[in-house]
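Please work from the sequences and hints to get the whole structure.
What follows is each chain in one-letter form.
Number of protein chains: 2
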Amino acid sequence: MSEMEPTPDARKTVLEKYNKGLVQIYTGNGKGKTTAAFGQALRAVGQGFRVCIIQFMKGRKYGECLAAERCLPNLTVHLSGLDSFVMRDHPAPPDIELAKQGLDLARKAVASGDYDMVILDEINVAVDFKLIPLADVIDIIQTRPPTLDLILTGRYAAPEIVDLADTVSEIREIKHHYNAGIKDRAGIEY
Amino acid sequence: MSEMEPTPDARKTVLEKYNKGLVQIYTGNGKGKTTAAFGQALRAVGQGFRVCIIQFMKGRKYGECLAAERCLPNLTVHLSGLDSFVMRDHPAPPDIELAKQGLDLARKAVASGDYDMVILDEINVAVDFKLIPLADVIDIIQTRPPTLDLILTGRYAAPEIVDLADTVSEIREIKHHYNAGIKDRAGIEY
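Chains as they are written, first to last, in our numbering: chain A, 103 to 292; chain B, 103 to 292.
Keep in mind that the hints were calculated from the coordinates and are not lab data.
Each statement offered as a hint is correct.
The calculated DSSO-like cross-link candidates involving lysine-lysine, where the alpha carbons are at most 30 Å apart (straight line), are: (1) A/K277 to B/K210; (2) A/K277 to B/K277; (3) A/K210 to A/K232; (4) B/K122 to B/K202; (5) B/K122 to B/K210; (6) B/K285 to A/K122; (7) A/K277 to B/K122; (8) B/K163 to A/K122; (9) A/K277 to B/K202; (10) B/K277 to A/K122; (11) A/K210 to A/K122; (12) A/K285 to A/K232; (13) B/K202 to B/K232.
None of these values were measured; they are calculated from a predicted model.
Next up, the structure:
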């Protein structure tokens, strides 16, 4: 090793500081959390990344999922929920079962080495609703491969997860068309 | 017309209230504005929409643009800027010229009928930096075809534009990896 080469420790610092995978959180009560994550996925796919998205508490293929299936071979989307509203205080057994399956999928996707970026959509809500344990999500974050990019979305991000993240964006609702009586619509909400 | 059919006025109200195109704004100092717009575009494309994105003050094809060019024929992206920083108080003549060209493209895309959704990325900043007049952007919003979806992104959204929008999300920076010395990276920033 020449004197000009960084020591292994210095290299490790550089890797950690400048080339490590990033943990991003999109939370808050405004519109744009899932779409920000999918936009990030599209950016990553365009740069040659392999991206896996696991959608908690969702059982319907939204437009972004349909587009990915049809057009984006490097963007894999899994649904781990029912297409119905989860009751916060009384989740149905299948809600819990599917969320646990999503967590297993997440663990495997993160550890597999098959992906450069893993997105856990709505996982913050699944934790807040106690469908899955916070400790398991913390474990996934802490044991991820160092160069993996990880994104977690959903309202109610736990402070422990915010602490572990590199970047946290809170999307605040200033105005929402729901409040004007405008309903869910293809291309906008799904 | 049977008595059960809505009057033209009632139909107009229903169209305006429930089936009208929506104006959305993504603003604020946090990461996720452009990606939220591209995620919305991906959702719309998956539902069969034709989407046009005009990127103000950007001159480099980011990953999302590369992915769209390669894989998403219904998502057209135009760049209307240089690949260099615009000085707020001293924009270079080409910055102004390219922003004006972007505004012309925006006007044409909105009026053409060729698109179901038009996204004007970073246009709020172009207005705030006085590269283009606020009045022209207001005019585009007010004269758009009634079923067109329009999305405007960028920090510093003008209050006049916020007033005209159906949905406004402010993306607040809670944490950003820049503050830990982590630099721009493919797949994350571009």
